[in-house]
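For the protein sequence lines, the chains are F and R, in the order given. Residues 576 to 789 in the working numbering are what the first sequence lists, from first letter to last. Residues 576 to 789 in the working numbering are what the second sequence lists, from first letter to last.
FYI, nobody ran anything at the bench for these hints, they're computed from the structure. Just so you know, not all the hints are guaranteed correct.
Note that identical chains are pooled: a pair holds if it fits in a single copy or bridges any two copies.
To be verified - In silico BS3-like cross-links for lysine-lysine, where the CA-CA straight-line distance does not exceed 30 Å:
1. K639 / K594
2. K771 / K692
3. K601 / K693
4. K692 / K601
5. K639 / K693
6. K639 / K601
7. K771 / K594
8. K693 / K771
9. K771 / K782
10. K594 / K693
11. K594 / K777
12. K782 / K639
13. K639 / K771
14. K777 / K693
15. K771 / K601
16. K692 / K777
17. K692 / K639
Bear in mind that the values here come from a model prediction, so they are computed numbers and not experimental data.
Protein chains: 2
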Amino acid sequence: MPISPDSLLADLRWRYATKQFDPTAKISTDAWQAIEESLVLTPSSFGLQPWKFWVIDDPELRQKLAAQSWNQPQVIEASHLVVLTARADLELHDIDQWIQRLGQVQGTPEAALAPLKKMIVGFSGAMTPEQRHDWNRRQVYLALGQLMAAAAVMGIDSCPLEGIHAPGYDELLGLQNTGYRTAVACALGYRLATDKYAAAPKARFEKSQMIAHL
Amino acid sequence: MPISPDSLLADLRWRYATKQFDPTAKISTDAWQAIEESLVLTPSSFGLQPWKFWVIDDPELRQKLAAQSWNQPQVIEASHLVVLTARADLELHDIDQWIQRLGQVQGTPEAALAPLKKMIVGFSGAMTPEQRHDWNRRQVYLALGQLMAAAAVMGIDSCPLEGIHAPGYDELLGLQNTGYRTAVACALGYRLATDKYAAAPKARFEKSQMIAHL
Numbered sequence: 576m577p578i579s580p581d582s583l584l585a586d587l588r589w590r591y592a593t594k595q596f597d598p599t600a601k602i603s604t605d606a607w608q609a610i611e612e613s614l615v616l617t618p619s620s621f622g623l624q625p626w627k628f629w630v631i632d633d634p635e636l637r638q639k640l641a642a643q644s645w646n647q648p649q650v651i652e653a654s655h656l657v658v659l660t661a662r663a664d665l666e667l668h669d670i671d672q673w674i675q676r677l678g679q680v681q682g683t684p685e686a687a688l689a690p691l692k693k694m695i696v697g698f699s700g701a702m703t704p705e706q707r708h709d710w711n712r713r714q715v716y717l718a719l720g721q722l723m724a725a726a727a728v729m730g731i732d733s734c735p736l737e738g739i740h741a742p743g744y745d746e747l748l749g750l751q752n753t754g755y756r757t758a759v760a761c762a763l764g765y766r767l768a769t770d771k772y773a774a775a776p777k778a779r780f781e782k783s784q785m786i787a788h789l
Numbered sequence: 576m577p578i579s580p581d582s583l584l585a586d587l588r589w590r591y592a593t594k595q596f597d598p599t600a601k602i603s604t605d606a607w608q609a610i611e612e613s614l615v616l617t618p619s620s621f622g623l624q625p626w627k628f629w630v631i632d633d634p635e636l637r638q639k640l641a642a643q644s645w646n647q648p649q650v651i652e653a654s655h656l657v658v659l660t661a662r663a664d665l666e667l668h669d670i671d672q673w674i675q676r677l678g679q680v681q682g683t684p685e686a687a688l689a690p691l692k693k694m695i696v697g698f699s700g701a702m703t704p705e706q707r708h709d710w711n712r713r714q715v716y717l718a719l720g721q722l723m724a725a726a727a728v729m730g731i732d733s734c735p736l737e738g739i740h741a742p743g744y745d746e747l748l749g750l751q752n753t754g755y756r757t758a759v760a761c762a763l764g765y766r767l768a769t770d771k772y773a774a775a776p777k778a779r780f781e782k783s784q785m786i787a788h789l
């Protein structure tokens, strides 16, 4: 049952980068499962899913991560905190794993997937390791976009946390030998009524400056 | 009126990278306005909105862009085609423009925004021009994520087009001296009943491999 254009717009206008979360307001299990599933369902380039998402339940770890996040209170007070990490590179092994998985899920013989594999290897091989990392990070931001939109239509507040100290996050999450690197984080939960940012007019450039028709 | 977790999941599972669009099925004006507004409302780092979105109405231009997109039929057949472009760099001028706009919309004196400006200049100045371009491209992918999720909850199909020839797009869109570069494109509309990809099982890695709790 699709929602109406007006309803979508009301949800997206209601959304803002929440500064003060209600520490007592927890996202229900059902809604949280849907949030996690929205991460799993995010589309990615060639389907590669070059990411891993970390849900930080441990309050002590949240405290330590806050210290790597300019002490932004959202890291501690929001109902949930997700750290979105990207593969540092994309190796043949990653591509093989994906081709295998695709064949398994869709019942396609590996030989039939050889042209796809060749295309991915070609695309990926034309990049430097750093460019591949950037490619992967872009996919993670796509996941962040779907995550925040999914939360908004369910009436869940969020705050993207981009200016965090990623190497500090990597260390606290124990990512050193995992091949994943912190890209961005996102706090999710419910706003406090006192958060003055909720009432601030939404500041965007004029639509006519941002969107052109050709 | 928020949608339920089940309803969100049904929408996100219904979504897939549509290959065959119905060329006769057009997105209504209302729904398209909401799609454009969802682009405008996309959050971005520091609110900078380092992007411009191009809606390609001209069928001849669509034909030419298809030739820069491995002749994927979606470019021509979908109801709408959006090209998402990112600022090639982020200059002091861009930051000034944003600070000015923010002050104007929120009625904040420019002096009160000086600390924010200083922070953005510091953050941005620590990067090379190429890193700033990558930063901007990540924001554009966030917009793509919100765009596709917004479309899905309204029952609109989409197909992200990443493997396009970006320099060819830049030339056809006349971006040479605009300071914007093509990042990715997205076709939107309604699937044909005959698109076999709609019925293919959704292939993702196991949730347990992708999401960890700490």
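Hint check results:
1. With identical chains, the CA atoms of K639 and K594 are at most 30 Å apart within one copy only, with a shortest distance of 18 Å there and 46 Å across copies.
2. Taking the shortest Cα distances, K771 and K692 sit within 30 Å of each other only across copies (20 Å), while inside one copy they are farther apart (51 Å).
3. Taking the closest pair of Cα atoms, K601 and K693 never come within 30 Å of each other, the shortest separation being 46 Å inside a single copy and 36 Å across copies.
4. For a Cα distance limit of 30 Å, the shortest separation of K692 from K601 qualifies neither inside one copy, at 43 Å, nor across copies, at 34 Å.
5. Taking identical chains as interchangeable, the C-alpha atoms of K639 and K693 lie at most 30 Å apart only when they sit on different chains, with a minimum of 27 Å there against 43 Å within one chain.
6. For the homomeric pair K639 and K601, the shortest alpha-carbon distance inside one copy (21 Å) is at most 30 Å, but the shortest distance between copies (51 Å) is not.
7. In this assembly of identical chains, K771 and K594 lie within 30 Å of each other by CA distance solely inside one copy; the values are 9 Å within and 45 Å between copies.
8. For a Cα distance limit of 30 Å, the shortest separation of K693 from K771 across copies, 23 Å, qualifies, whereas the shortest one inside one copy, 53 Å, does not.
9. When the C-alpha separation of K771 and K782 is checked against a cutoff of 30 Å, the pair qualifies only within one copy, where the shortest distance is 25 Å, while the shortest distance between copies is 37 Å.
10. When the C-alpha separation of K594 and K693 is checked against a cutoff of 30 Å, the pair qualifies only between copies, where the shortest distance is 20 Å, while the shortest distance within a copy is 46 Å.
11. Taking the shortest Cα distances, K594 and K777 sit within 30 Å of each other inside one copy (15 Å), while across copies they are farther apart (36 Å).
12. In this homomeric assembly, K782 and K639 come within 30 Å of each other (Cα to Cα) only across copies, at 26 Å, whereas the closest approach inside a single copy is 40 Å.
13. Within a single copy, K639 and K771 get their C-alpha atoms as close as 26 Å, which meets the 30 Å cut-off; across copies the closest is 49 Å, which misses it.
14. For a Cα distance limit of 30 Å, the shortest separation of K777 from K693 across copies, 21 Å, qualifies, whereas the shortest one inside one copy, 46 Å, does not.
15. Taking CA atoms no more than 30 Å apart as the test, K771 paired with K601 passes inside one copy only; the shortest distance there is 21 Å, against 41 Å between copies.
16. Within a single copy, K692 and K777 get their C-alpha atoms only as close as 44 Å, which misses the 30 Å cut-off; across copies the closest is 18 Å, which meets it.
17. Taking the shortest Cα distances, K692 and K639 sit within 30 Å of each other only across copies (28 Å), while inside one copy they are farther apart (41 Å).
In this structure, the hints that do not hold are numbers 3 and 4, in rising order.
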